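Enquirer: Here the protein sequences line up with chains A and B, keeping their order. Position one of the first sequence corresponds to residue 1 (my numbering), numbered consecutively onward. Position one of the second sequence corresponds to residue 1 (my numbering), numbered consecutively onward.
If you are wondering where the hints come from, they were derived from the structure by calculation, not from laboratory data. Treat each hint with caution, since some may be false.
For identical chains, the list gives no copy identity; a pair is met inside one copy or between any two copies.
[What the hints assert, rightly or not] Keeping only pairs whose Cα atoms sit at most 20 angstroms apart, straight-line, the calculated SDA-like set for lysine to any residue is: (1) Lys-241 - Ala-223; (2) Lys-243 - Glu-194; (3) Lys-208 - Thr-180; (4) Lys-218 - Gly-131; (5) Lys-22 - Arg-225; (6) Lys-243 - Tyr-199; (7) Lys-208 - Thr-235; (8) Lys-79 - Trp-55; (9) Lys-241 - Arg-231; (10) Lys-79 - Ile-135; (11) Lys-79 - Ile-109; (12) Lys-22 - Pro-96; (13) Lys-22 - Arg-98; (14) Lys-79 - Glu-126; (15) Lys-208 - Leu-18.
Here the structure is a predicted model, which is why all the values come from computation and not from measurement.
Number of protein chains: 2
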Amino acid sequence: MPGRTQRKVIDPISSQPLADFKVGVDSVIFSVDTSQNRLLVLLVMRHQEPFVNYWGLPGTLVRQGESLENAAYRILAEKIRAKNLYLEQLYTFGGPHRDPREEANSFGIRYLSVSYFALVRFEDAELIADGVSGIAWYPVKEVPQLAFDHNEILAYGHRRLRNKLEYSPVAFEVLPEMFTLSDLYQLYTTVLGENFSDYSNFRAKLLKLGFLCDTGIKVSRGAGRPASLYRFDATAFAPFKDKPLVFI
Amino acid sequence: MPGRTQRKVIDPISSQPLADFKVGVDSVIFSVDTSQNRLLVLLVMRHQEPFVNYWGLPGTLVRQGESLENAAYRILAEKIRAKNLYLEQLYTFGGPHRDPREEANSFGIRYLSVSYFALVRFEDAELIADGVSGIAWYPVKEVPQLAFDHNEILAYGHRRLRNKLEYSPVAFEVLPEMFTLSDLYQLYTTVLGENFSDYSNFRAKLLKLGFLCDTGIKVSRGAGRPASLYRFDATAFAPFKDKPLVFI
Chain A
1 MPGRTQRKVI
11 DPISSQPLAD
21 FKVGVDSVIF
31 SVDTSQNRLL
41 VLLVMRHQEP
51 FVNYWGLPGT
61 LVRQGESLEN
71 AAYRILAEKI
81 RAKNLYLEQL
91 YTFGGPHRDP
101 REEANSFGIR
111 YLSVSYFALV
121 RFEDAELIAD
131 GVSGIAWYPV
141 KEVPQLAFDH
151 NEILAYGHRR
161 LRNKLEYSPV
171 AFEVLPEMFT
181 LSDLYQLYTT
191 VLGENFSDYS
201 NFRAKLLKLG
211 FLCDTGIKVS
221 RGAGRPASLY
231 RFDATAFAPF
241 KDKPLVFI
Chain B
1 MPGRTQRKVI
11 DPISSQPLAD
21 FKVGVDSVIF
31 SVDTSQNRLL
41 VLLVMRHQEP
51 FVNYWGLPGT
61 LVRQGESLEN
71 AAYRILAEKI
81 RAKNLYLEQL
91 YTFGGPHRDP
101 REEANSFGIR
111 YLSVSYFALV
121 RFEDAELIAD
131 GVSGIAWYPV
141 KEVPQLAFDH
151 NEILAYGHRR
161 LRNKLEYSPV
171 AFEVLPEMFT
181 LSDLYQLYTT
191 VLGENFSDYS
201 NFRAKLLKLG
211 FLCDTGIKVS
221 RGAGRPASLY
231 RFDATAFAPF
241 KDKPLVFI
C-alpha cells in the first residue's frame, strides 16, 4: 500500500482501549504417505463449541506460565507419538473477529492464533486414539471446511512446506534411509504438484549437488530395469548447510 | 528434542487457568546507507517504564478492533515517512516473563510481541522528529542493549533480511534505479558480511541470471576505468518470480 504511512491525521483508534487476548496455538502437522503419494495433514474433530463437529488443526489455548511452544507440544503429545517432531513457528493470525467467541460489537476478548508447522515421517507417527476424539491423517487435497480460519492456516503451512522442499534437505527426513531417485521425485511431485520439473532434469540437478550417495544396491519394482538405491550423505552436505541452495 | 512427545503423563499445566495477554507489535525497519555501506535499523527512545531511556524497536500495543498489521502501520506512521513501506510478519515472541510488567510470580497479564519486518530505501525515508521522542537510524553493528527482548527480535530480522537477499530480488528495491555491479556487490557485502562471495563469482552469477540490463551508460568513480550502469529488468525476471532461485 504505497503512501500508507503518509497520513498526517492521528488515527482515532489510538484513543481506543487496549484489546485483551487469549492466545491459541494451532499446529499444521504434515506427513507424506509415500506408498500412495499422498500429502497428509493431521486433523482432529472438535467436540465443543464453537465449530462443534468440525475438523480442525490440533490446538489449545496457552495456560498461565506456559510458553507458546510448550503449549503446542503439550496438545500434540495427546494426539500423536512421533519420532523427531520438531515444531517451527509458522505465522500469527490475530485480526479482530477471527473467532466467533469474540462478539462482533462487544469488543470482547480476542483470540489470537500462533501457528506451528512440522513434517513427520509417516511410518514413525502413531495417532493416539482415545475412543473419544476423532483424529485422522487427511489427504490435503480432500480437506473439508475446517473450524475457524484453519483452512487459511493450512494453506500457509502448505506454502512453507513447498518452500522447505525447494530450499532445504527436508525431503530426506521423511524418506526411508535408502530410496530410489524415482521415490525422491515422487515425494517432490506429491508436495509441489505435477510439472514442477521433469524427471530427467530433476535427477541431473540432484545428482550434481553431490550429496546423494549410490549405495550399490539395486531394487526391482514393476516392469522396468532395477533402480539404484541412494542415501542422503549428511557429511557431503555439511559444507552446504548454511549456504543458499536450490534443490530442484 | 527427540522423544518430547513420548510422555504418557498428563502435563499438570493442563489444569492451570488460561493466560491473559496484551499483544504488542514491534517492527524491525532496515535500510542501507549505500554511500557509507552501512546496514541501519530504525530505533526509538523509550520515554516511559519499563526500560525508560532505552532504545527499542518502534512498537505499540494492539487496540480494540484493530488488526495486528494495522497497529504496526499506525505506530510507524508517527515515526517515518517512506515510499513502499511493506511490512511482512517476522516472528511471535510470547514466552512468560519476557516483559517486566508481568510480575514473576503473580501470573499477571502477559505481553506477547508479534514482530514485523521491512526494508526501505534510505533516500526515500524521512524520520519524523516531533521534538519529544528520540528516533534514529542506528548502524546494526553498533546497536546498544535494547528494551525488552528487542536485540533478539533484531537478530531474527537480520537473519530474515540475509535470507531475502539470497533468495529474492529485494536488493533492487533499495538500490537506485541505475547501479554498477560494484554497488550491488557492496550492498550484499553490507548485509551478508565480507567473504560471502568474491566479486568475480558474484558478478558472473548475477549476469548469468539474465535480468540485469546494461544501460550503456558509464560512470567514473575514483581511479578505475568507467563502470557500466545496470538496471533490474522486471520483465526479464517475471518468469522466475515464483521459481526457487539463488541470487549469490
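Enquirer: Does each hint hold? Answer for all of them.
Expert: Checked hints:
no., hint, in the structure
1, Lys-241 - Ala-223, "neither (38 angstroms within a copy, 39 angstroms between copies)"
2, Lys-243 - Glu-194, "between (28 angstroms within a copy, 14 angstroms between copies)"
3, Lys-208 - Thr-180, "within (16 angstroms within a copy, 32 angstroms between copies)"
4, Lys-218 - Gly-131, "neither (43 angstroms within a copy, 75 angstroms between copies)"
5, Lys-22 - Arg-225, "neither (58 angstroms within a copy, 63 angstroms between copies)"
6, Lys-243 - Tyr-199, "between (25 angstroms within a copy, 17 angstroms between copies)"
7, Lys-208 - Thr-235, "within (16 angstroms within a copy, 30 angstroms between copies)"
8, Lys-79 - Trp-55, "within (14 angstroms within a copy, 44 angstroms between copies)"
9, Lys-241 - Arg-231, "within (17 angstroms within a copy, 32 angstroms between copies)"
10, Lys-79 - Ile-135, "within (8 angstroms within a copy, 48 angstroms between copies)"
11, Lys-79 - Ile-109, "neither (28 angstroms within a copy, 29 angstroms between copies)"
12, Lys-22 - Pro-96, "both (12 angstroms within a copy, 14 angstroms between copies)"
13, Lys-22 - Arg-98, "both (12 angstroms within a copy, 17 angstroms between copies)"
14, Lys-79 - Glu-126, "within (9 angstroms within a copy, 51 angstroms between copies)"
15, Lys-208 - Leu-18, "neither (55 angstroms within a copy, 52 angstroms between copies)"
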